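Visitor: Fit chain F to the supplied structure of chain D, relying on the hints for placement.
Residues per chain, in single letters:
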Amino acid sequence: MYVIIVYDIEQERVAKVCQYLRRFLYWAQNSVFEGELSEAQLVKVKSGLSKLIDPQRDSVYIYQLPGKKLVKKEILGQEKIVTRTILE
Amino acid sequence: MAQSYYIFRSGRLRRKQNTLYFEQESEDGQLQKVPIPIENVRDLYLFGEIDLNTKLLTFLAQNEVTLHCFNYYGFYIGSFYPRETNVSGYLLVKQVEHYLDPQKRLEIAKEFVAGALFHLRRNLNYYRNRGREVDVSLEVVESSLKRLNECGSVAELMSEEGRARDAYYQAFNEILELQQPYTKRVRRPPDNEVNSLISFGNSLLYTATLSELYVTQLNPTISYLHEPSQRRFSLALDLSEIFKPLIVDRLIFRLLNRGEIDENDFESIGEAKGVYLKEGARKKFVRVFEEYLQTTVKHRRLKRHVSYRHLIRLEAYKLIKHLVNIETYKSLRAWW
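Protein chains in written order, with numbering that gives the first Met the number 0: chain D, 0 to 87; chain F, 0 to 335.
Bound conformation, chain D alone (with noise of 0.2 Å):
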């Protein structure tokens, strides 16, 4: 499936927040990821993720698509994320 993931986490837990979904997904800008994942890796996206933030305080929303061909994505201006796999 496909994953967008956003967030509003703490200035002193954010940075874990992105390192911890870099492993998974690509980062598209300030605090959005996005890619495809597995039923798996997203339950232990969501359990890392738990113990990261401190739910009082912090906001993570995950969208989820059936796959990446049903999502219509449209770019303004620059264009941050890098999703390619072969680098020339």
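These aren't lab readings, by the way, just hints derived from the structure by calculation. Take these hints with a grain of salt, some might be off.
[What the hints assert, rightly or not] Simulated pairs of lysine-lysine, DSSO-like, Cα-Cα distance not exceeding 30 Å:
#1 F/Lys32 - D/Lys68
#2 F/Lys302 - D/Lys68
#3 F/Lys329 - F/Lys317
#4 D/Lys71 - F/Lys32
#5 F/Lys32 - D/Lys67
#6 D/Lys45 - F/Lys54
#7 F/Lys277 - F/Lys32
#8 D/Lys50 - F/Lys54
#9 D/Lys50 - F/Lys15
#10 D/Lys15 - F/Lys32
#11 F/Lys109 - F/Lys302
#12 F/Lys320 - F/Lys109
#13 D/Lys67 - F/Lys302
#14 F/Lys283 - D/Lys68
#15 F/Lys32 - D/Lys79
#16 F/Lys15 - D/Lys15
#17 D/Lys79 - F/Lys282
#18 D/Lys79 - F/Lys54
#19 F/Lys32 - D/Lys43
#20 F/Lys282 - D/Lys71
#21 F/Lys297 - F/Lys282
#22 D/Lys67 - F/Lys15
#23 D/Lys79 - F/Lys283
#24 D/Lys68 - F/Lys297
#25 F/Lys32 - D/Lys72
#26 D/Lys43 - D/Lys79
#27 D/Lys45 - D/Lys72
#28 D/Lys67 - D/Lys43
#29 F/Lys283 - D/Lys67
#30 F/Lys15 - D/Lys45
#31 F/Lys302 - F/Lys317
#32 F/Lys282 - D/Lys72
#33 F/Lys15 - D/Lys79
Quick caveat, the model's predicted, so the values are computed rather than measured.
Guide: Using the frame of chain D, we list chain F on its own:
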């Protein structure tokens, strides 16, 4: 889900914050970093000049990522094949058992050749239906296919396959619009453009097969058609035999006939007789190869769409079933 990553740039690959970073110094001295989500990596193909350290290898091993290296000319150098996590002593014993018994070995080897020849014939038929004069080659392949069952040894099987393949390569002159006729398959080094493409394509396929074998419990050094235990992971050679005509050859036909790769994409280096793909063409080939592996067909038995890459793994699973006596191995025959 996981992806193959192909790195043509030169730079450093490092473990950082428990994920992968590819770092490269740009012209103005700035360090450019590309993060690669480690959980999304199936294998890495290194074509550039890349620095790495054991810390990275440890990390790759933990995440079960295989790494394949190619030299300056695009020749396969070797793989970092992490410690196997899927091991099965039982299956290993079975694998050896089927190798040691000439009859059992022949049975498996025959299936590999039958699959390969079937796909050779399929390619020839495809072009015959489009009006190319490939009947002579087709006849040779057909008769080889018929004679397979009479082969009493792996050596006979190999020579039968060799004969069919020679005839098949002759048909390349009809299939491809070449300026110089394609005479025969020459390796180490490839002596003309077509051979160079075949060599490069086969080595990519070989590594892809190895990556799939890594996921299974099979031991990649024990093979049935090729002689095992020498030099290479020969089981990957066995299995890729079935897929070469299906994937590599068809890609080559397509690229050359559409003019996406032409004579200008090759160069010879110095005095040597070898002909090599230029870097731009190599990238193009890798890109279409990866796309090709990701295309899917509807699997009749699994009743879902599977990619060409996954078909390679399914082939390994079928072999396991054969070895542990669940179901007789029948190699893939493209049905679509």
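Visitor: Hint by hint, say whether it matches the structure.
Guide: Hint check:
1. Proximity of F/Lys32 to D/Lys68 is assessed by CA-CA distance (about 28 Å); at most 30 Å being required, the pair is judged to hold.
2. Our distance criterion of 30 Å between C-alpha atoms is met by F/Lys302 and D/Lys68, whose separation comes to about 21 Å.
3. A threshold of 30 Å between alpha carbons decides the hint, and for F/Lys329 with F/Lys317 the separation of about 8 Å falls inside it, so the pair holds.
4. Proximity of D/Lys71 to F/Lys32 is assessed by CA-CA distance (about 28 Å); at most 30 Å being required, the pair is judged to hold.
5. Taken as a hint, the F/Lys32 and D/Lys67 pair is honoured in the structure, with Cα atoms around 25 Å apart against an allowance of 30 Å.
6. Annotation: proposed proximity of D/Lys45 to F/Lys54 holds, straight-line Cα distance about 27 Å (limit 30 Å).
7. Simply put, F/Lys277 and F/Lys32 have alpha-carbon atoms about 26 Å apart, close enough for the 30 Å limit, and the pair holds.
8. Restraint check: the Cα-Cα separation between D/Lys50 and F/Lys54 comes to about 26 Å, which is no more than 30 Å; the hinted pair holds.
9. Note on D/Lys50 and F/Lys15: the hinted pairing holds, with a Cα-Cα distance of about 20 Å set against a maximum of 30 Å.
10. About 18 Å separates the Cα atoms of D/Lys15 and F/Lys32, which keeps this hinted pair within 30 Å; it holds.
11. For the suggested pair F/Lys109 and F/Lys302, the alpha carbons sit about 28 Å apart, so the restraint of at most 30 Å is met.
12. The hinted pair formed by F/Lys320 and F/Lys109 meets the criterion: a straight-line CA distance of about 17 Å does not exceed 30 Å.
13. Restraint check for D/Lys67 and F/Lys302: satisfied, since their Cα atoms lie roughly 21 Å apart, inside the 30 Å limit.
14. Of the supplied pair hints, the one linking F/Lys283 and D/Lys68 holds, its CA atoms being roughly 24 Å apart against a limit of 30 Å.
15. Distance restraint check for F/Lys32 and D/Lys79: the Cα-Cα separation of roughly 13 Å lies within the 30 Å cut-off, and the hinted pair is therefore satisfied.
16. With a C-alpha separation of about 13 Å, the suggested pairing of F/Lys15 with D/Lys15 holds against the 30 Å cut-off.
17. For the hint pairing D/Lys79 with F/Lys282, the CA-to-CA distance comes to about 23 Å; that is within 30 Å, so the pair holds.
18. Using a Cα cut-off of 30 Å, the hinted pair D/Lys79 and F/Lys54 holds, with the two alpha carbons roughly 29 Å apart.
19. Restraint check for F/Lys32 and D/Lys43: satisfied, since their Cα atoms lie roughly 26 Å apart, inside the 30 Å limit.
20. For the given pair, F/Lys282 sits about 28 Å from D/Lys71 by alpha-carbon distance, which is consistent with the 30 Å threshold.
21. This hinted pair checks out: F/Lys297 and F/Lys282 have alpha carbons roughly 29 Å apart, not beyond 30 Å.
22. For the suggested pair D/Lys67 and F/Lys15, the alpha carbons sit about 28 Å apart, so the restraint of at most 30 Å is met.
23. Taken as a hint, the D/Lys79 and F/Lys283 pair is honoured in the structure, with Cα atoms around 24 Å apart against an allowance of 30 Å.
24. For a cut-off of 30 Å, the pair hint linking D/Lys68 to F/Lys297 stands: about 18 Å separates their Cα positions.
25. A hinted pair counts as satisfied when its Cα atoms are at most 30 Å apart, and F/Lys32 with D/Lys72 qualifies at roughly 24 Å.
26. Straight-line distance between C-alpha atoms of D/Lys43 and D/Lys79 comes to about 26 Å, which keeps the hinted pair within the 30 Å bound.
27. Among the hinted pairs, D/Lys45 with D/Lys72 is consistent with the structure: their alpha-carbon atoms are about 24 Å apart, no more than 30 Å.
28. About 20 Å separates the Cα atoms of D/Lys67 and D/Lys43, which keeps this hinted pair within 30 Å; it holds.
29. Pair hint F/Lys283 plus D/Lys67 holds up; C-alpha atoms about 24 Å apart against a cutoff of 30 Å.
30. For the hint linking F/Lys15 to D/Lys45, the alpha-carbon distance of about 21 Å falls within 30 Å, and the restraint holds.
31. A hinted pair counts as satisfied when its Cα atoms are at most 30 Å apart, and F/Lys302 with F/Lys317 qualifies at roughly 17 Å.
32. At most 30 Å may separate the alpha-carbon atoms for a hinted pair to count; F/Lys282 and D/Lys72 meet this at roughly 27 Å.
33. With a C-alpha separation of about 20 Å, the suggested pair F/Lys15 and D/Lys79 falls inside the 30 Å cut-off, and the hint holds.
Of the hints listed earlier, there is not a single one the structure fails to meet.
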